[in-house]
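Novice: Okay, here's what each chain looks like letter by letter:
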Amino acid sequence: MSLSKDQVQHIATLARLQLEEDEFDDVVVKLSSIVNFVDQLQQAPTDDVIPMAHPLNQAQRLRPDVVTEVNDRDMIQANAPAVRDGFYLVPKVIE
Amino acid sequence: MSGQLQALHTLTLAELAKGLSRLEFSSRELIESLLSRIEEHDSSLNAFINVTADQALAVAEKCDKARSKGEAGELGGLPIVYKDIFCTKGVLTTCGSRILENFVSPYDATVVERLSSAGVVMLGKTNMDEFAMGSSNETSYFGPVRNPWDTTRSPGGSSGGSATAVAARLAPAATGTDTGGSIRQPAALTNTVGLKPTYGRVSRYGMIAFASSLDQAGVITRTAEDAAMLLSVMAGFDERDSTSVDHPVPDYVAGLTGPLKDLRIGIVRQHFDSGLDEQCAKRVKDALAALEQQGASLIEVDLPNLDLSVPTYYVVAPAECSSNLSRFDGVRFGHRTDDAKDLLDLYCRSRGEGFGAEVKRRIMTGTYVLSAGYYNAYYLKAQKVRQLISQDFKNAFEKVDVIAGPTAPTPAFRLGDKTDDPITMYLNDIYTIGANLAGLPGISVPCGFVEDLPVGLQLVGPHFAEETILACAHQYQQLTAWHTRCPEAYQ
Chain A
1 MSLSKDQVQH IATLARLQLE EDEFDDVVVK LSSIVNFVDQ LQQAPTDDVI PMAHPLNQAQ
61 RLRPDVVTEV NDRDMIQANA PAVRDGFYLV PKVIE
Chain B
1001 MSGQLQALHT LTLAELAKGL SRLEFSSREL IESLLSRIEE HDSSLNAFIN VTADQALAVA
1061 EKCDKARSKG EAGELGGLPI VYKDIFCTKG VLTTCGSRIL ENFVSPYDAT VVERLSSAGV
1121 VMLGKTNMDE FAMGSSNETS YFGPVRNPWD TTRSPGGSSG GSATAVAARL APAATGTDTG
1181 GSIRQPAALT NTVGLKPTYG RVSRYGMIAF ASSLDQAGVI TRTAEDAAML LSVMAGFDER
1241 DSTSVDHPVP DYVAGLTGPL KDLRIGIVRQ HFDSGLDEQC AKRVKDALAA LEQQGASLIE
1301 VDLPNLDLSV PTYYVVAPAE CSSNLSRFDG VRFGHRTDDA KDLLDLYCRS RGEGFGAEVK
1361 RRIMTGTYVL SAGYYNAYYL KAQKVRQLIS QDFKNAFEKV DVIAGPTAPT PAFRLGDKTD
1421 DPITMYLNDI YTIGANLAGL PGISVPCGFV EDLPVGLQLV GPHFAEETIL ACAHQYQQLT
1481 AWHTRCPEAY Q
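As given, the protein sequences belong to chains A and B, one line each in that order.
The opening position of the first sequence corresponds to residue 1 in the working numbering, with each subsequent residue numbered one higher.
The opening position of the second sequence corresponds to residue 1001 in the working numbering, with each subsequent residue numbered one higher.
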């Protein structure tokens, strides 16, 4: 099976990835070959097999809902591309 | 500098620990000698993204002072390098990606915190495949790492910088992470020891996530003994990692002498069927014969779904990666595009510019297999096959204590040889991926050479059997001297 250009564009949009014109064809070819490769899973008989979500087949541990971290906003926002008055800046989203 | 000091880089971690405790040299002298080696040799290897020289010297001095007061621990003053996937407070942490090119971590990973508390000194951060997605180190934004055994070849990946630093004697030990073989495969290709512990054995907190149900932190060293020393400090429960397992941590060094006699070693028929280089197969069989001579018994076992492990991995790992990497949005940290016209454009272009080709392919593969209409056919199906693969190992471990075989299908390949075809690259991990899918501990140990290129023997054990595989690897190293060989240009 080969993915179409439209399908690849749809996947890219879902993944929030801008693909440049010069990389698009390469992505279509390689993504198609990966999908073909993983398609061999379809032949495996898996009726009545429980899907494995955790490698030790364990449940996720829960912790009490209490505050454990201190507020290090300034230090954390030092990595942000654009902040003002403690807020993250993004392009205008509401007219 | 005396001759002895010049030779500090040739010593293992255990030997260095002895030397420090006997005051034969100081930590500062040790760190200085390694920093000067890194400066001399790394331009030909590209193993480092960042060398933290000033910080290393300051910490070394502190360790020397502690030692003079009798307050140094066993690992105090010993050097290490961290794969650049581990967050290090106040230090650049790039994960080999443009999107994190300028990211300075506000906190330490638990692994870093534990080793630092033990007095271990960070020399720098090592190069890696971008977000640990690759088997050759060629996907790094900072350029490929070169294999010290032949600089036209790849050291493997994704922990290629860590393996290269240890192989070229620029550091005695390194951390790595292993999602599908990223510690064991580069160890095999560089003549080093690479240990991936049981899933949940070592905390993933502060280790930048690729595939959360597969990722595990481990070490690359020259001996199993050194790996045991480090694991004893790194392992253990961490409440900040919700998948960390609360299981007692044994003294791994004390366990190294467990006898090989009566050890049942499983040989997987499918490992030698096809795809394995003939000369590599011969080295691995020689190693198995050596273990048998020590009283271990070799028993044939079956992993009938081995062939499906790579396709299973390439559904599960990309699916988890597409979720994990959604945090890189150009808003809170990391690369941001210029002049975005709206928020969607900001996300798409920041990510499009910040991620390299392989990372984009994996995010898109993951997005596809999780998308409406495909979830059951791919993701759920892969999780079921994962259960079958895990069950195959369980069945095998009813008959044997460890499973032994090759780590990688061939010795180190040339840079550029496999970059055009992702599937050929993915198949490099055919022997290592199973342990990740089943959450099992595995180790690669040097077992010979093919035309001057190293070959690795892989040992895989049941959950939490690190002691068994470390003991087996350690005793094999007592019988052989492969691991003492060093590439000529880096002696």
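Check the hints yourself; a few may be wrong.
[Stated by the list, open to error] Taking lysine-lysine pairs in the DSSO-like style, the calculated list, with each CA pair at most 27 Å apart, reads:
1. B:Lys1384 with B:Lys1399
2. B:Lys1018 with B:Lys1069
3. B:Lys1065 with B:Lys1261
4. A:Lys5 with B:Lys1418
5. A:Lys5 with B:Lys1285
6. B:Lys1394 with B:Lys1418
7. B:Lys1282 with B:Lys1418
8. B:Lys1018 with B:Lys1065
9. B:Lys1089 with B:Lys1062
10. A:Lys92 with B:Lys1341
11. B:Lys1394 with B:Lys1384
12. B:Lys1069 with B:Lys1261
13. A:Lys30 with B:Lys1399
14. B:Lys1069 with A:Lys30
15. B:Lys1089 with B:Lys1065
[Unchecked claim] Not everything, but these chain B residues come out facing chain A in the computed CB check (under 8 Å):
16. Phe1025
17. Arg1028
18. Ala1058
19. Arg1153
20. Ser1242
21. Val1245
22. Thr1312
23. Phe1333
24. Leu1343
25. Tyr1347
26. Cys1348
27. Asn1376
28. Pro1462
29. Ala1465
Just so you know, these hints were derived from the structure itself, not from any lab.
Ideal Cβ placement from N, Cα and C applies to all residues, glycine included.
Novice: Find the hints from earlier in the document that the structure breaks and name them by number, from lowest to highest.
Specialist: Those not satisfied are hints 3, 5, 6, 12, 13, 14, 16, 17, 18, 19, 27, 28 and 29.
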